[in-house]
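Position one of the sequence shown corresponds to residue 1 (my numbering), numbered consecutively onward.
Among these hints, one or two may not hold up.
As the list claims (entries may be wrong) - Pair by pair, the computed Cβ-Cβ distance ranges are:
#, residue 1, residue 2, range
1, 30, 61, 17 to 25 Å
2, 28, 108, 33 to 41 Å
3, 37, 128, 36 to 44 Å
Since the hints were made in silico from the structure, they are not lab data. Since we're looking at a predicted model, the values are computed, not measured. For glycine and all other residues, C-beta sits at the position ideal for the given N, C-alpha and C.
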Amino acid sequence: LLVLDEPTSGVGVLARARLWDTIRDVAEAGGGVLVTTHHLEEAEQCDRLVMLSAGKVVAAGSLDDVIGGRTAVEIAATDPGAVLAALDRAGITAAVTGRRVRVGETGRTAVEQALTDARITARLEVVPATLEEAFVARVSR
Numbered sequence: 001l002l003v004l005d006e007p008t009s010g011v012g013v014l015a016r017a018r019l020w021d022t023i024r025d026v027a028e029a030g031g032g033v034l035v036t037t038h039h040l041e042e043a044e045q046c047d048r049l050v051m052l053s054a055g056k057v058v059a060a061g062s063l064d065d066v067i068g069g070r071t072a073v074e075i076a077a078t079d080p081g082a083v084l085a086a087l088d089r090a091g092i093t094a095a096v097t098g099r100r101v102r103v104g105e106t107g108r109t110a111v112e113q114a115l116t117d118a119r120i121t122a123r124l125e126v127v128p129a130t131l132e133e134a135f136v137a138r139v140s141r
């Protein structure tokens, strides 16, 4: 059994990738691996997850189980700043990633209405939620 507590804390990008390759190799060889991490994008690589908040289990299972069918809306527009401002005026929390804006849990209809009200043309796509978005949705209820 390999027990790792925050194994990539303070580790560079390349060393981090090599470390996760090693962790996967151990698991694929039949070894048990227990990892604690605050990096939810790393936790997405695990076969089974247990999510804790304030010392209590808020979700457990496979990645699909924990995400639970949640979705997000990804918005592509020429001016992500204008999209972000329109969503903010509508009380919708969003994040900018590159030239895209991402909204979790709010739903496409509310996003479309906010953009229509602001006279913004954009392409919207409903996509699977990330583990981080699922965690935020679970603990902010």
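Subject >> Indices of hints not satisfied (ascending) >> reply: Hint check: 3 fails alone, others pass.
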